[in-house]
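Peer 1: Chains as they are written, first to last, in our numbering: chain E, 1 to 483; chain Z, 1 to 201; chain S, 1 to 230.
Keep in mind that a hint or two might mislead.
[Claimed, not checked] For lysine-lysine, the following DSS-like pairs were computed, each having C-alpha atoms within a straight-line distance of at most 27 Å:
#, chain 1, residue 1, chain 2, residue 2
1, S, K51, Z, K190
2, S, K207, E, K139
3, Z, K190, E, K385
4, Z, K186, Z, K68
5, E, K379, Z, K67
6, Z, K12, S, K207
7, E, K339, S, K176
8, S, K207, Z, K186
9, Z, K68, S, K176
10, E, K387, Z, K186
11, E, K366, Z, K194
12, Z, K186, E, K365
13, E, K387, S, K116
14, E, K385, Z, K12
Source of the hints: derived by calculation from the structure; they are not laboratory data. In this text the structure is predicted, and so the values were computed from the model without any measurement.
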Amino acid sequence: MIETAIKLANITFSYDAEEPQLKNLSLEIEKGECVLVTGASGCGKTTLTRLINGLIPHYYEGELTGELHLNGKNARELEEWEYGQQVGSVFQDARSQFFTSNVLDELAFASENYGLEAERINQRIEAVMKQNQIDYLKKRKLAQLSSGEKQKVAMGAVEVHSPEIFVLDEPSANLDNQGNAQLAATVKQLKQAGKTILIADHRIHYLMEVVDRVVYLAKGEVKAQWTIDEFRQLSKTALHSFDIREKQEVYISELLREENREPAFLALQNLTIGYHRLAPSLIKDLNLTLAKGEIVLITGENGLGKTTLARTLCGLNKEQAGSININGQMQTAKKRREKCWFVLQDADYQLFSDSVLNELLLGTKKTEENLVKAERLLKELNLWKLKDQHPATLSGGQKQRLVFAVGLMREPELLILDEPTSGLDAGNMRRVQRMIVDYANKGITFVIITHDLEFAKGFGRRTIQLEKAVSSKLQPSDLAVFK
Amino acid sequence: MKKKKTATLISKDYLTIGLYTVVGFVVMMVLSMATLPFMVWFYPYATAFVLFFTCPIYLLMAFKVGKKGTLLLFGAINGVFYAIMGTIYILPITLLGGFIGEVILAKTNGYRKLGPQTIAFTIYNLLYGFSNYIILAISADYYFKMMENTGYTDNHLEYLTDPFWIMISTVALIAAICLGCLFGYKLLNKHFVKAGVIKSA
Amino acid sequence: MKKSIDPRIQFLLLIVQSVLVLCAGMGQLILLNVFALFYLVYAGLYQTACKMGAVIATTVALYGYMLLSDQQWVKFLGFLCFLVLRFGPVIIMARVLQEVPTGRLMAAMQSLRLPKNFILTLAVTLRFFPIIKMENDTIQMSARLRGLSYSQPRNWLRPLQVFEYTFVPLMMRTMKIADELTASAMTKGIDCPDQRTSIYQTRLTSKDLILVAFFIGYMVCIFTFNFLEV
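Chain E extracted, bound-state conformation (with noise of 0.2 Å):
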């Protein structure tokens, strides 16, 4: 019997009239064999998870040549709906994973698409809670979950109606270091069940222990392959050359050091915030300097009030207790606005026009001065050849570095990065670091909320780590800043 669970023969796609994705790609995975597949962004990962789960061509419409095998069977007579019984697949954003409200319903949401008894489903919901350990989310809501749990539940929610192969894409970029911890446990328990898993991501460290092979993807081709013993000998050098991030974990005591004290610029003294003014605190008697064209790290785990931070920071929020000052002055939450800015996760938040260009003279007032203004940050960001587009057009880090053009135009002197690394690979990585360095020299002080510990590593700079600071969670401690 042949165990090849899924077999690309000279796959060669593109999406409506582009360039081709994959080009004459073959693969071949093994049953039971676990996959990591990854590369630059634009290699063709994700859509390489689109082929298997059925995606493509089903939902994504485009010109595909070349044969596909799921389980010996030539996907080609596959249903859209078929597909979903061979294949589970698990995405980056748990928020448009999920269809119920409950972590029961949601559990049992796909085999009751397919028609399942009900008795067999509760039986299959029963095992795989008990064997990821989510037992004790039975009764919850989805809204009240961390994003690691909700990772778990998506997870579980593919487990229950048992397919023989599973798909994740990008499946850490959501997740902190104890979230990747638990998927990767995840994932061994898959394997040892005797599941075939594909990840395709950037992420790589936390699957060190589990993978048995990695598949490296450029333009849409196998460029190399190894197993996992091979992987785990390549130098330092060699990844680089590669684009692929670190396979070691970094710890967070790597990065925590002492650093000369300079003239405060920016001091927050006994500051105290919340989600508002009448809420419990999330982080109380905060004493924190910062001089100016420093860049500082923040890291911690998720729901402890980094957000709420970054908001109080840049005046969105007002503090509940303590202040913030700037050059030895109390800013108030309105003179906060005026210096600070704020550059989410998703840049998609933080557009609203149509174009380039448009989008950085959008709230000012359209002097020459503006407009030599733009045009030399356009300029400088890569940017300057894009500028009548759309800016729903650009990729991900192009509409990053836009988003950081039009903070650059209000000329803050405090800039918040909140997680820009998320799904970036190394090579992009890297270009932000220098970016966010090239800007600190110029004067602007830089706060960065991060889990990417890879990432804050890259700077040499200091990194402040927040415990849980309030009482209402589980240890109570205090803020702990290390120097």
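Since the structure of chain E is already known, use the hints to place chains Z and S on it.
Peer 2: Quick look at chains Z and S alone, frame taken from chain E:
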């Protein structure tokens, strides 16, 4: 292999319509609340004002899906929301409005054309906006009748039942929808067509 | 284990209530609200019952005050009280309906033989409401920083532009979410032509029937005998 494009609604379309309808509903509710304080003087125009802003949302949805059944489903979902909120009698009205609109769209094959969509949506809203108007009028009427027993009269009652004002209201409604659709169309071209997410209008 | 009322019964009661409030006099309205409070307690939403109880009590008290007073503006207050009491029962029952898990709701709709796609759409849209709020909040965050938000009064002079600045990113996000959701649905077999099953049973329990009987009895009583002459 290329998949055939069907002319009937598929699950992708259902979800799209559903989500957009929700956004439209929320916008409508929020704006209605915002205009509530002005209701006393503003009443004939209030509904028109609110509906103006739901036009771009509807138009975007209609152009994106571009198939028969969009308006009907839109009406059905809205109707169900109203039913859940306690005004079940709106459901048959939205269904009727949606149905008539669909007939118009089918006859002119105008799923992606501004003109037919405007007409269809206008009719839908005339039926719907009107009913809203009437219902509030009925309940206010009832209350004030009750109040007459306790000696309180109100000249605002005239606003609600005088045929002259009803006519003004209707005209305002039609104008608002037409202008709203035009506004929506401009926005569509400026942003969504340019960004390539909608096939040209 | 909370007693959960069958969603179809809930919906039925909701509809009947909404018609009844139209024909109810003031006294009957108050009693309808009392029923709604009892309903809340029965459904296990004790906290909400307390809150709503307080609201209704205040409203009734205000109404009583209004009856005694002679001032014009107090009469207007009476109208507001009337509105609260009129919408009260329905809002309360809708709130109870909100607690129904999506799967149960879908199972109930399936038993009513509604088309599968329509059921799914409804379930997803109900789930989508809080998401819209979050998305909009995030958008407004950036809008405020740039001075483009509708929450800033100086922008009220340019309503069309302000609308554009909220509308465009919100629609782009909605589109993205819709796309991702439908893709995900496809991988979960949404197009499977087989009959959809559910982990919930859709039998009407005796508890449900008792509730309906009580409801009917209660309504008949308050409408035939005018308990409260208000």
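Peer 1: Run the distance test for Z/K68 versus S/K176: straight-line Cα separation, threshold 27 Å.
Peer 2: Cα-Cα ~23 Å, so holds.
Peer 1: Would you check the hint for E/K387 and S/K116, treating anything up to 27 Å between C-alpha atoms as holding?
Peer 2: 46 Å, violated
Peer 1: Is the Cα-Cα distance between E/K339 and S/K176 27 Å or less?
Peer 2: Cα-Cα ~32 Å, so violated.
Peer 1: Between E/K387 and Z/K186, does the CA-CA distance stay at or below 27 Å?
Peer 2: 21 Å, holds
Peer 1: Can the restraint linking Z/K186 and E/K365 be considered satisfied, given a maximum Cα separation of 27 Å?
Peer 2: 23 Å, holds
Peer 1: Take a quick look at whether Z/K190 and E/K385 sit within 27 Å of each other, Cα to Cα.
Peer 2: 20 Å, holds
Peer 1: Please work out if E/K366 and Z/K194 have their alpha carbons no farther apart than 27 Å.
Peer 2: 23 Å, holds
Peer 1: Would you mind confirming whether the straight-line C-alpha gap from S/K207 to Z/K186 stays at or under 27 Å?
Peer 2: Since the Cα atoms of S/K207 and Z/K186 sit roughly 56 Å apart, the hinted pair is violated (cutoff 27 Å).
Peer 1: Just to be careful, I want the Cα atoms of S/K207 and E/K139 compared with a cutoff of 27 Å; is the pair within it?
Peer 2: 23 Å, holds
Peer 1: For a C-alpha distance cap of 27 Å, please report whether S/K51 and Z/K190 respect it.
Peer 2: 48 Å, violated
Peer 1: Hey, E/K379 versus Z/K67, does the alpha-carbon distance stay inside 27 Å?
Peer 2: Answer violated: E/K379 to Z/K67 is near 43 Å, above 27 Å.
Peer 1: Tell me if the straight-line CA distance from Z/K186 to Z/K68 falls inside 27 Å.
Peer 2: 23 Å, holds
In summary, the numbered hints that this structure violates are 1, 5, 6, 7, 8, 13, 14.
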